[in-house]
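Protein chains in written order, with our numbering: chain D, 1 to 202; chain Y, 1001 to 1229.
For the record, the hints were derived by calculation from the structure and aren't laboratory data.
Some hints could be false.
[To be verified] Some residues of chain Y that are not near chain D, with every Cβ distance over 10 Å (derived):
no.	residue
1	D1136
2	A1145
3	A1175
4	R1210
[As the list claims (entries may be wrong)] Now the in silico label distances, taken between C-beta atoms and shown as ranges:
no.	chain 1	residue 1	chain 2	residue 2	range
5	D	P121	Y	A1068	30 to 38 Å
6	Y	R1172	D	G175	18 to 26 Å
7	Y	D1092	D	A70	49 to 57 Å
8	D	Q36	Y	A1121	46 to 54 Å
9	D	A197	Y	A1120	25 to 33 Å
10	Y	L1076	D	P121	49 to 57 Å
11	D	T125	Y	T1089	35 to 43 Å
12	Y	G1101	D	Q36	43 to 51 Å
13	Y	T1203	D	A70	19 to 27 Å
14	D	G201	Y	A1121	24 to 32 Å
15	Y	V1116	D	A100	41 to 49 Å
[As the list claims (entries may be wrong)] Among the chain D residues that face chain Y by a calculated CB cut under 8 Å, a handful are:
no.	residue
16	D101
17	T105
18	Y154
19	A157
20	I159
21	V161
Glycine residues also receive a C-beta, built at the ideal position from the N, C-alpha and C atoms.
Chain by chain, the residues:
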Amino acid sequence: MLKGILGLAALTSFAIAGCGDDGNNNNNVDAGGNAQPGPGAALKCDSSGKNAFDTYGAAAFVTVNKAIIANVTAEMTAHGTTNLGDSFTKIGTGNPPSTADNGATFEGKLAAFLVYAYGGPTSITYSDGVKYTGPQDMVAAHTGLAITSDQFDYFVANIVVPALTANGVKHGAGGAADPDDVGSCFAPVVTSAAFKASIVGK
Amino acid sequence: MARPATRRIWRWAGGVLGLAFAIMLVVHLPPVRGWLAARGHHGGGVCPLGYGTGQVADRATRRAHDDAWRGALPALARPALGFTLDVTTRADIERWARANGVACHAMNGGVRIACVDVPAAALADGGLAASSVWLDLDDRGALIAVTTVRRDPDVRPVASAFAAVEHAVTTRAGAPTTRAGSAAPDVLGHGALRQAMVEYRFTTYRAVVRATHVGDAFVLTEQYVALAD
């Protein structure tokens, strides 16, 4: 009898799992708990010779962060999970555990990560009045999401680049006369193989 | 006298519930779902346990949302890589996949289909092979959006594919609404996150094509969407 119940339970969980479909070790913190500079801190924008945070400031980062969230929302409204996968729909569900943060916390943590990654402070107080920490474990944050290489590329091309260029980040031909800040002080972080590897296929 | 009758009712109720539970289990088993999907039952209904993610917006909801993307003029035609928006069905897509040896799988209860490693010849423009082709179906099972991702380590094939797609869509659908950046190889290849974009907005059709330098490669994304009228 017990065997039968266990068998039924196993079959049930198997069937229910089929009903839907379908952050690293924190390398940014040293042994003493001190945060190392973000990966973009040493990059120099064409327009200023300074890193992206020092060039554009916290308010611009908040604006770009909100544009990323708005672009994702528009994409998900239009096409559901088709193009970006189901990672964003899992936010706040806790399944997988990397999605435990609710939408507001996710947004604040994303802003803090961007600020830190591009040379800003290790924590910020976001527009919701909550303090968020920048150095984050990207592998742990994406574990269980099974993001594909194409979904990542689609996200960069259709969500990130439009969020930058639509919000005043200079994207000229390059050099001081016609600065390309997108290419000089933003792109190297987003397009680094190590960064992509910390997100894709986890 | 009442007791045996009550017992009989309980027995029947238990039996019916048990049968419903057994049917629920069986229809969710992957082989059975596959068999049902092959016969056009996409399972897009609401899952009573909250696991369903395949609900598709009805036409009125889509129409309201699509207004944000709608242009003022009708498109001359609505090119979508050989598929026919609002006409191509799931069965058509399955036939296309079989004929071209393309591996596709249904997502979200079958209302979305993802295909990988699609040869160039399987797509009407014949440009680059696509590493992913994603297809959206509406609540009637008709195709409403096609998205592709193609990549190449060299800038020239992507630049030339972008130009070919832009020319083809402009010729067939009409002039673009927005154009930004340049896909000329020396511009696109100049640095990471360089991007060329062209967007078309018509009354019932939207297409967006982007060529992007993603660091280790160049990516062409195309999106062809039927807007609900």
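Find the hints from earlier in the document that the structure breaks and name them by number, from lowest to highest.
1, 2, 4, 6, 7, 11, 15, 16, 17, 20
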